[in-house]
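A.B. asks: Starting from the structure of chain A, add chain B where the hints point.
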Amino acid sequence: MCLAIPMQIVEINGFNARCTAKGVSREVSLFLLQGEPMEAGDFVMVHTGYAIQKITGHEARSAWELYDEMLAAVEKRE
Amino acid sequence: MNPLSPAGGLTFRLRLQRGCVTGVEVVSTRPQAALLLKGKTPEQAAQLVPLLFSLCGVAQGVAAQAALQAAQGRMPEAEQQACWAGTVRREASVEHLWHLMLDWPQICGLSRLEKEYACCRHKCLQAQTDRDHAAALETIMASELLGLPAAEWLAQDRRAWAAWREDSPALGAKLLRCLGGVGGVGGLTTAYLPYTIAADWVDMEQAIRTPAFCSAPTWRGEPRETGVLARQCEHALVSPLRAAGFGIEARLTARLVELARWACGEVGQVSDWVDAAQCGQDAGLARVETARGVLIHRVQMENDAIGEYAIVAPTEWNFHPHGTFVREAGRIAEADDAAVLRKAQGLALSLDPCVAYEVVLEHA
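Which chain is which? The protein sequence lines are A and B, in order.
Its first residue numbered 507, the first sequence is counted upward by one per residue in the numbering used here.
Its first residue numbered 343, the second sequence is counted upward by one per residue in the numbering used here.
It cannot be assumed that every hint is accurate.
Here are the simulated DSSO-like pairs of lysine-lysine, each with C-alpha atoms no more than 27 Å apart in a straight line [as the list claims (entries may be wrong)]:
{"hint": "1", "chain 1": "B", "residue 1": "K382", "chain 2": "A", "residue 2": "K528"}
{"hint": "2", "chain 1": "B", "residue 1": "K516", "chain 2": "A", "residue 2": "K528"}
{"hint": "3", "chain 1": "B", "residue 1": "K380", "chain 2": "A", "residue 2": "K528"}
{"hint": "4", "chain 1": "A", "residue 1": "K528", "chain 2": "A", "residue 2": "K560"}
{"hint": "5", "chain 1": "A", "residue 1": "K560", "chain 2": "B", "residue 2": "K457"}
{"hint": "6", "chain 1": "B", "residue 1": "K516", "chain 2": "A", "residue 2": "K560"}
{"hint": "7", "chain 1": "B", "residue 1": "K516", "chain 2": "B", "residue 2": "K465"}
{"hint": "8", "chain 1": "B", "residue 1": "K516", "chain 2": "B", "residue 2": "K457"}
Don't read these hints as lab results, they were simulated from the structure.
None of the values given here were measured: they were computed from a predicted structure.
So here's chain A without its partners, still in its complex pose (with noise of 0.2 Å):
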């Protein structure tokens, strides 16, 4: 299943963004959305460090509700 995770953009600088998702902080490269109009406080979906999709807010939380369903049913497991 190819997953990539949600996060939301908290300073921009060029093309590489710093975002956070989760208290956990990444620098993730917005060079494949060029062209797309990016500010802090924006969300993107993040594949091996690259921005590879703009969604909105409601769209990030949705992702999010699933992915912690998903980590709960696994730590219920371990």
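C.D. replies: What follows is chain B alone, placed relative to chain A:
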């Protein structure tokens, strides 16, 4: 599980004795995310699936829509099916290009073609027609990957192809030269998943409903390889590499062949890419061809909500406990650990798992 890695990952444990791999184990922490769709309405599922699986979100979204419609007794109309097939193929081309322009150069110590990839990705995803898509691919194939027009490259005989491979400054040739040292692992032993349509999977729906099948699928009781090599294995530029046992090179060449054929407008039939079938009362199944291989979605409706949802993804075929990766990695024999590691990583990348992976060497 890492809170930022809900996708899980794959660990390949290779047991070594004097440079020879004597055992291979695949450890997967990939969750069966399809189980989360139980209880959702079809509308919720159609919105959530592309978000959950955003790396191949188009293919996953199309599979979900087609399966849900089939479960409700509706088969896709020809126009919709053609539209789905086009968008699925455009996404597959972008996945192939990512593989060739970003992933392989890193393994081979070459520069990633980020700028060129970003430009071509945008054009492919924005293409409204197969003609626009083909034009975008032709440009990137001729300028970066092949160094000559796609039709001319495809028409080469073996001698011309060998000369291109040895001398061309194009990225495709550079990658194949780099693979000269890692291409063969001494024979390909896993059969390919044959061409199927959705109806072929209906007989197997009882198996598809089980988590055990979804995590280790088989065809007629055997693991099979799915993906670009299965699709292009008969092509004249691919079959000699396959016959010689150069699996990694064969898969890379098959990707170039597939992209070149699309650039030439050879896109096959609509039903090659997506179709669906009803399987019993309130149940539907969709088959979608993706860059990495066949993707199956099966859904059972119960009182207007999803009662069961199962997904069989390509990675589960290729990284089956007795599948292609395990069999080919089990034949690796090299002089030192570094060479074993390099070949195993190349083999994994050639099969393109859609999640993070690591290779671990364990000495007997």
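A.B. asks: Each of the hints needs a verdict: does it hold here or not?
C.D. replies: Verification of the hints:
1. K382(B) <-> K528(A): 25 Å, holds
2. K516(B) <-> K528(A): 41 Å, violated
3. K380(B) <-> K528(A): 25 Å, holds
4. K528(A) <-> K560(A): 18 Å, holds
5. K560(A) <-> K457(B): 19 Å, holds
6. K516(B) <-> K560(A): 33 Å, violated
7. K516(B) <-> K465(B): Judged against 27 Å, a Cα distance of about 25 Å means the pair holds.
8. K516(B) <-> K457(B): Holds, at about 18 Å.
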